[in-house]
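Peer 1: Sequence order for the protein chains is S and V.
Just so you know, the first sequence maps onto residues 200 to 554 in my numbering.
Just so you know, the second sequence maps onto residues 351 to 462 in my numbering.
These are calculated hints, taken from the structure and not from any lab test.
Be a bit skeptical, because a hint or two may be false.
Said to hold, decoys possible - Some chain S residues near chain V, calculated using beta-carbon distances under 10 Å:
#	residue
1	I287
2	N453
3	L456
4	L461
5	L498
Said to hold, decoys possible - Short derived list, chain S residues pointing at chain V, Cβ under 7 Å:
#	residue
6	P329
7	S330
8	L389
9	G393
10	H395
11	V396
12	T397
13	A455
14	L493
15	T499
16	L512
17	D515
Ideal Cβ positions, reconstructed from N, Cα and C, are used throughout, including at glycine.
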Amino acid sequence: MAADHERDVLVPVGDSETLRRTVTYAVERAHEAAVDAGERTTIHFVFPARWRIYETDRENVASASSLLDRVVAWAEEDLDGLIGEDQIATVAFETATVGTDEYVFSPGDFAAVIARYADANEVGRVVVDPSFRPGGSVPLLRSFEEELAERGFDVFEAPVTRQTRRRLPFTEIGLPEFLLVFAASLLFYLALGGWHVTDAYELVTGVATAGVVTLTLARVTMKSEVPRLRYIGATVLRMAAYTPILLWEITKANVALAYVVLHPSLPIEPRTVEFDAAVWGDMPVTTLANSITLTPGTLTVDVSRQHFIVHALIPDAEDDLLEGTLERLVRFVFYGRESARIPSPLERRDDEGGS
Amino acid sequence: MTPVEYLAAALVIGGVFFGFVATVGLLRLPDLYSRLHAASKSDTLGSVLAIAGTAAALGLTTESMKMLFLVLFLFLTSPTAAHAIARAGKEQEVDPVGEEAAWRDEDGGEAR
């Protein structure tokens, strides 16, 4: 029976300009397979959710399900075109949203989430939209397609001509990304040089330096699209509010550590603590990890998605950590005030009946 | 001495103190992870205070602005380096003192 399901097709769905044609291709493939086998096949349209905040992100959930509805409508239209209306359908459609309860970040994470769904539904083929790049296309990571092929799926890339995205010649960088990174580098260069903006020498070397920096590093700096300015502005403001609190915590941490280290009997109680933090996205997780390392008695050892392994040196450190003040502050910085209401790690752990 | 000089001196002395704590910590603490506490916290604050003291002595100039950038980057790089070392230690299965192989049998289903 499982062999039959191998003909089923899974299509990861996300916003991209070639999605429409990818759907057509997937329907054609599934239809062919159905005719060959003489029985119905199923196409699973799966929307991999990006990082999100538990309940506060209803907008994204709604837009995901409306996208899936649209995709099914397209697919039905294509199928009618293939077999004629009023015929018995050769292809059935299913939709799903996956990865809502975890933090998916790299192409590998997305592939893992998709693969889990595919295994549960015994799907063996994946049709990939070439311009849909979940997790970005960071040059250091393997691509989504490779990650899926690695997991044993037959991966078909939909033969769609990509809308020519405006790219600079010989590079992988789009114009908005280029301008943003270039401007930031140039401003930083000028600031370091003492802000002699009228000096031609400074300007020429600045432009040259910023150009080299942008060409070599823009793909690393910017993971996908240019972030929204308003979001950044709000984040920077809240970050400014967070800094003094962090500085105070750092000072406390150091006084506590100085006491422990200089005390003749070295009163330490090292232990490791593991917990899942309610933060998503690389910046927030990085900020939290760094803040943990800098504050009283704790050191981030390992992070995978939002699971933190923390080394605590002094007795109070663990309690402080699980009270989740830092975590709440980091959430406040990146997601705004609303998100601060999510319970602390300790309360969450109690809800699960301890661990 | 002017008040600013007092401030600069206080900051630099604080920096020296925490640098000293970091060194003592590095020597006295028992294992990789607890030593990293000393390296990541005291050493960061020590350097930051020393730099801030220098910036205060220089007054509001381009140089002191550069110092402030240094402070900012230290807060970013120092914990990152500590994390990298700690993580390498964990991956090499270096056990923390006081808790044996706490993470050795973690199944790590979704490693990375």
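Peer 1: Each hint needs a verdict: does it hold in this structure or not?
Peer 2: Consistency of the hints with the structure:
no., hint, result
1, I287, "violated, 42 Å"
2, N453, "holds, 5 Å"
3, L456, "holds, 5 Å"
4, L461, "holds, 7 Å"
5, L498, "holds, 5 Å"
6, P329, "violated, 25 Å"
7, S330, "violated, 26 Å"
8, L389, "violated, 11 Å"
9, G393, "holds, 4 Å"
10, H395, "violated, 10 Å"
11, V396, "violated, 13 Å"
12, T397, "violated, 15 Å"
13, A455, "violated, 9 Å"
14, L493, "holds, 6 Å"
15, T499, "holds, 5 Å"
16, L512, "holds, 5 Å"
17, D515, "violated, 14 Å"
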